[in-house]
Amino acid sequence: MKITIFGTGYVGLVTGACLADVGHHVLCMDVDQVKIDKLKNGQIPIYEPGLETIVKHTVEAGRLAFTTDTEEAVRHGTLQFIAVGTPPDEDGSADLQYVTAVARAIGQHMADYKVVVDKSTVPVGTGDRVRAAVRAELDRRGLELDFDVVSNPEFLKEGAAINDFMKPDRIIVGTDSDRAAELLREVYYPFNRNHDRMIFMDLRSAELTKYAANSMLATKISFMNEIANLAERLGADIEAVRRGIGSDPRIGYHFIYPGCGYGGSCFPKDVQALARTASDCGYEARLLNAVESVNYAQKHVLFDKISHYFGGELNGKVVALWGLAFKPNTDDMREASSRTLMEDLWKAGATVQAFDPEAMEETQRLYPDQAGLTLCGTKEQALKGADVLAICTEWKEFRSPDFQSIAAALQEPVVFDGRNLYEPEMLERYGLIYYAIGRGRNQFHAV
1 MKITIFGTGY VGLVTGACLA DVGHHVLCMD VDQVKIDKLK NGQIPIYEPG LETIVKHTVE
61 AGRLAFTTDT EEAVRHGTLQ FIAVGTPPDE DGSADLQYVT AVARAIGQHM ADYKVVVDKS
121 TVPVGTGDRV RAAVRAELDR RGLELDFDVV SNPEFLKEGA AINDFMKPDR IIVGTDSDRA
181 AELLREVYYP FNRNHDRMIF MDLRSAELTK YAANSMLATK ISFMNEIANL AERLGADIEA
241 VRRGIGSDPR IGYHFIYPGC GYGGSCFPKD VQALARTASD CGYEARLLNA VESVNYAQKH
301 VLFDKISHYF GGELNGKVVA LWGLAFKPNT DDMREASSRT LMEDLWKAGA TVQAFDPEAM
361 EETQRLYPDQ AGLTLCGTKE QALKGADVLA ICTEWKEFRS PDFQSIAAAL QEPVVFDGRN
421 LYEPEMLERY GLIYYAIGRG RNQFHAV
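When we follow this note's numbering, the leftmost residue of the sequence shown carries the number 1, and every step to the right adds one.
It should be emphasised that the hints constitute simulated quantities derived from the structure, not laboratory data. Don't take each hint at face value.
Derived CB-CB ranges, DEER-like [stated by the list, open to error]:
{"no.": "1", "residue 1": "Arg75", "residue 2": "Asp248", "range": "48 to 56 Å"}
{"no.": "2", "residue 1": "Asp304", "residue 2": "Ala136", "range": "33 to 41 Å"}
{"no.": "3", "residue 1": "Arg243", "residue 2": "Gln370", "range": "23 to 31 Å"}
{"no.": "4", "residue 1": "Gln411", "residue 2": "Ala213", "range": "40 to 48 Å"}
{"no.": "5", "residue 1": "Arg170", "residue 2": "Gly23", "range": "17 to 25 Å"}
{"no.": "6", "residue 1": "Lys384", "residue 2": "Asp280", "range": "48 to 56 Å"}
C-beta: ideal position from N, C-alpha, C; glycine also.
All chains, please: the whole structure from these sequences, using the hints.
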């Protein structure tokens, strides 16, 4: 089937590449000429394991192409996937200008039946706005053409997006059109052969499902961070507590790992947007507001621990930082906890020596003139001359370091672990003082 994808970010590029990989003919459109030129030359603008291989293979096979020509993009596909950004406005609501711009473009150029598939994360009611935008352009042209609007939210985890797309837990489709539903069944048939993963519902329910899913996961994280902070003050060990509650099948072990706050392109934005949606319809989403408030505070926890250790005197201190991306296996630093920590440290007069396996270039782009930041080529280089070590991302290569070398390199043998990678007893054997999240031992009891 011929498919058009508007947007070549994480969602658009992964969607286009995976659909092309199973035989569809996909044209990805983006207004960014530099990005499209790079993609045509085989350069992937984002880091996502496995993506580059699929893109190169499908381009060479003639099933994946890229363009900046809107008219060509609309003409190409019966299915028009919208996978553009929906960044938060100042009030927390989702900015839909890019979504509506694509909808207008489709209405301006379509000449036959189209299915407009909203892949972007959008507030409830956006499908109606997309339909109205397309219809308005058709009316302006004096045309009566059939089209359908479908909500098909993505559930891709950065760092595991290819596997998530190829082996989905569920495929949500929101539509009231049998014709559109059958086309979506055909598109997703290669991913749906062994077990029927497709769940059909109305448009608004599909839009709410995406926000509800991400907000539920964010809620679990903030809840565990609350319990971790309490455990710390009570002298309990959150890792023991986590195992104890996770063994209950009603709770499970997923997303109950405490840490220094969640980040990324989805959870912060989606919790804010859903809370704003609730406010707009006259309902106060007290739980969602609390989830956001807890996460905001949690992102400052590592700084609070470091500041407490040094008695509030951080001017001139050097902090080695392992991990900059908001999670492992990505270079994405949107809303990353590392950014909050670094900015807190700089305000206090400290400097940072940082290393991340993938996010160094993105860090340089975000902080091009930051005198208090040194980007290091290895995690070992980041330790040289540093007073203490802080960890913000649970990359695999940080899990089994040479603790003896860490103790020898640091001016103060102290590790502040925002992801609970280690066992306190192990670090104690190497003479390291260990501050984690909610581990009870070696913690102070008032932040």
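The hints, checked one at a time:
In this structure, Arg75 and Asp248 meet the distance hint of 48 to 56 Å, their C-beta atoms being roughly 54 Å apart. A hinted range of 33 to 41 Å is violated for the C-beta pair Asp304 and Ala136, which are about 52 Å apart. The hinted window of 23 to 31 Å between Arg243 and Gln370 is violated, with their beta carbons roughly 40 Å apart. In this structure, Gln411 and Ala213 meet the distance hint of 40 to 48 Å, their C-beta atoms being roughly 45 Å apart.
Checked against the hint of 17 to 25 Å, the C-beta distance between Arg170 and Gly23 comes to roughly 22 Å, which is consistent with it. Distance hint check: the CB atoms of Lys384 and Asp280 are about 52 Å apart, consistent with the given range 48 to 56 Å.
Hint compliance for this structure: hints 2, 3 are broken, all remaining hints hold.
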